[in-house]
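Colleague: Listed below are the residues making up each chain.
There are 2 protein chains.
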Amino acid sequence: MLYSPGMTTPRNTKQRGEPVVRRVLEVALEQLATHGFERLSVPEVAALAGLNKTSVYRRWPTKADLVREALAASMGHTAEALDSGDLRADLLALARTAVGFVESPSGLAVLRTLLAEGANPEVKGLAAAMLHQQGINGPALVFERAIARGELAQDTDATLVLTTLAGAIMHRILIEQSPVTEHFFTTLIDMVLFGVKRC
Amino acid sequence: MLYSPGMTTPRNTKQRGEPVVRRVLEVALEQLATHGFERLSVPEVAALAGLNKTSVYRRWPTKADLVREALAASMGHTAEALDSGDLRADLLALARTAVGFVESPSGLAVLRTLLAEGANPEVKGLAAAMLHQQGINGPALVFERAIARGELAQDTDATLVLTTLAGAIMHRILIEQSPVTEHFFTTLIDMVLFGVKRC
Numbered sequence: 000m001l002y003s004p005g006m007t008t009p010r011n012t013k014q015r016g017e018p019v020v021r022r023v024l025e026v027a028l029e030q031l032a033t034h035g036f037e038r039l040s041v042p043e044v045a046a047l048a049g050l051n052k053t054s055v056y057r058r059w060p061t062k063a064d065l066v067r068e069a070l071a072a073s074m075g076h077t078a079e080a081l082d083s084g085d086l087r088a089d090l091l092a093l094a095r096t097a098v099g100f101v102e103s104p105s106g107l108a109v110l111r112t113l114l115a116e117g118a119n120p121e122v123k124g125l126a127a128a129m130l131h132q133q134g135i136n137g138p139a140l141v142f143e144r145a146i147a148r149g150e151l152a153q154d155t156d157a158t159l160v161l162t163t164l165a166g167a168i169m170h171r172i173l174i175e176q177s178p179v180t181e182h183f184f185t186t187l188i189d190m191v192l193f194g195v196k197r198c
Numbered sequence: 000m001l002y003s004p005g006m007t008t009p010r011n012t013k014q015r016g017e018p019v020v021r022r023v024l025e026v027a028l029e030q031l032a033t034h035g036f037e038r039l040s041v042p043e044v045a046a047l048a049g050l051n052k053t054s055v056y057r058r059w060p061t062k063a064d065l066v067r068e069a070l071a072a073s074m075g076h077t078a079e080a081l082d083s084g085d086l087r088a089d090l091l092a093l094a095r096t097a098v099g100f101v102e103s104p105s106g107l108a109v110l111r112t113l114l115a116e117g118a119n120p121e122v123k124g125l126a127a128a129m130l131h132q133q134g135i136n137g138p139a140l141v142f143e144r145a146i147a148r149g150e151l152a153q154d155t156d157a158t159l160v161l162t163t164l165a166g167a168i169m170h171r172i173l174i175e176q177s178p179v180t181e182h183f184f185t186t187l188i189d190m191v192l193f194g195v196k197r198c
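Residue numbers (numbering that gives the first Met the number 0), protein chains in the order written: chain V, 0 to 198; chain X, 0 to 198.
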């Protein structure tokens, strides 16, 4: 049985519920990769996961809610664990995780559909929510710690650095369609880090 | 009347032909922006441009040939004219042109469809051809001249720098959906140039 986000959930119910939640999120991601956001059907996701649509809508009131959680689950929560004490090492680990997702068949398909449908207001909202969430839980923490350690200046533009690193990797995969090797992102990170540390 | 690429064309025929060529290329770009590559129909492009399809196929034997030329024509040939004697000034001018294209409604739509269909082998070939052409005629020259002037080291990885600049701009427009201001790309270019000049 699925549970609503705001509900108080007894521990045993939650434990029984989680494999079902994971299954729904996996099916939603597959459907997103195959059909894109606009053509993704929540009743179809429910059917493929062996549930009725009411159960799915109870937990995720809108299609965007479902897709947002499916994307968040598939990308994992890596940055919380990243705290090597060295900015370069943290960025290399972040890049490895991001590349692993984007180079996987479903990751690449998901990215393509979301880029293609970027003009759709719901997709736009989805992208904004994901960037916001990443900014709070993820990479931004890596920069805050580097600033606290004195590795970077107080006024470092962390967003510009992240945009630059993520953009270069995206361009390499989607436009050049070349593999993102360890050599590629190490050289990239060294170049950008040197540029950002100049001040 | 249209002419084949390899044909010897009398000057007056060519001059009469060019407005027709431009019209076909404009229609092809509009159709690409609206329908994407896979659903673009050459006979429909011909009809909308007021020609029969045989005339169009005589000049562009395949759909990929037509789309390649439409894209090349819409992006212009800016880099040939870029030779300010200063790498930073050349890169700022390049960025202004690229951003102008990608932020225009048809440029953005074209980029979205090509990214969405990147797994299609013809689209993949198209992207590779465009990058190759750009690399020969365009931005690469800017780096060769900077190396010749001694502004950059002989072994500078120009491709990495271009990937990084283009990727950051693409991420800003497509993922963050934020405007690419003069401030944004000036800060970006200064950061990356400082990073690449370290050696």
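Hints may be right or wrong, so weigh each one.
It does not matter which identical chain is used: a pair holds within one copy or between any two.
Unchecked claim - As a list, the in silico EDC-like pairs of lysine to aspartate or glutamate whose alpha-carbon atoms are at most 20 Å apart:
1. LYS62 x ASP154
2. LYS123 x GLU150
3. LYS123 x GLU175
4. LYS52 x ASP82
5. LYS123 x GLU102
6. LYS52 x ASP154
Calculated from the structure, these hints are not laboratory results. Bear in mind the structure is a predicted one, so any value in this text is a computation, not a measurement.
Colleague: All the hints need checking, so say for each whether the structure fits it.
Modeller: Hints versus structure:
1. In this assembly of identical chains, the alpha carbons of LYS62 and ASP154 never lie at most 20 Å apart, being 39 Å within a copy and 50 Å across copies at closest.
2. Neither within a single protomer nor between protomers do LYS123 and GLU150 lie at most 20 Å apart by alpha-carbon distance, with minima of 34 Å and 41 Å respectively.
3. For the identical chains of this complex, LYS123 and GLU175 are inter-copy neighbours only, at 9 Å across copies versus 25 Å inside a copy, given an alpha-carbon limit of 20 Å.
4. Proximity of LYS52 to ASP82 under the C-alpha cut-off of 20 Å is found in neither arrangement, the shortest distances being 41 Å within a copy and 62 Å between copies.
5. Within a single copy, LYS123 and GLU102 get their C-alpha atoms only as close as 22 Å, which misses the 20 Å cut-off; across copies the closest is 16 Å, which meets it.
6. In this assembly of identical chains, LYS52 and ASP154 lie within 20 Å of each other by CA distance neither inside one copy nor across copies; the values are 49 Å within and 59 Å between.
Taken one by one, the earlier hints fail for this structure at numbers 1, 2, 4 and 6, listed in ascending order.
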